[in-house]
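Start from the sequences, fold in the hints, and give me the full structure.
By the count of this note's numbering, the sequence shown reaches residue 100 at its end, each step adding exactly one.
Pair ranges (Cβ atoms, derived):
hint, residue 1, residue 2, range
1, A63, A26, 35 to 45 angstroms
2, A2, Q28, 30 to 40 angstroms
3, V10, R95, 15 to 25 angstroms
4, D45, L19, 14 to 24 angstroms
5, R95, A54, 38 to 48 angstroms
6, Y59, W27, 34 to 44 angstroms
7, G30, R95, 37 to 47 angstroms
8, A2, W27, 36 to 46 angstroms
9, W75, V10, 16 to 26 angstroms
10, G30, L60, 40 to 50 angstroms
11, Y42, V83, 19 to 29 angstroms
12, T33, P84, 19 to 29 angstroms
13, L60, P84, 13 to 23 angstroms
14, G30, T74, 24 to 34 angstroms
For the record, the hints were derived by calculation from the structure and aren't laboratory data.
Backbone N, C-alpha and C define an ideal beta-carbon position, used for all residues, glycine too.
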Amino acid sequence: MAIGRFLGWVLLAAAFAVLAWELWGAWQTGELTIHAAGKVWYDLDRTSLNGAQAGTQRYLLPALWDPVIVTVLTWPALLVLGVPGALLAFFCRKRGGRRR
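Dropping the structure here:
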């Protein structure tokens with residue numbers, strides 16, 4: 001549970017960083033641009049994106065990359081990071097209450 005909670009908070013922090021990046025860009029240009037997860041990954045480290053594609057297609061299942069992962073990479077990065085992060089942080093949280 002601690003690993004899930006930690007991973008959830010890391011994903012939420014990354015989602016807030018993407019939100020800040022998008023808001024900063026909107027402040028600079030006067031126009032809000034929602035970035036796809038694939039674009040954010042490409043801008044951060046294109047080599048790892050290419051490696052993930054090659055590894056998935058070569059060692060796992062070629063059909064897993066396209067259309068499944070490609071579809072997820074076209075979704076907004078804020079949602080791709082924020083929704084799983086919020087779910088992990090919520091479901092792996094420490095439960096309050098009395099212990100018997």
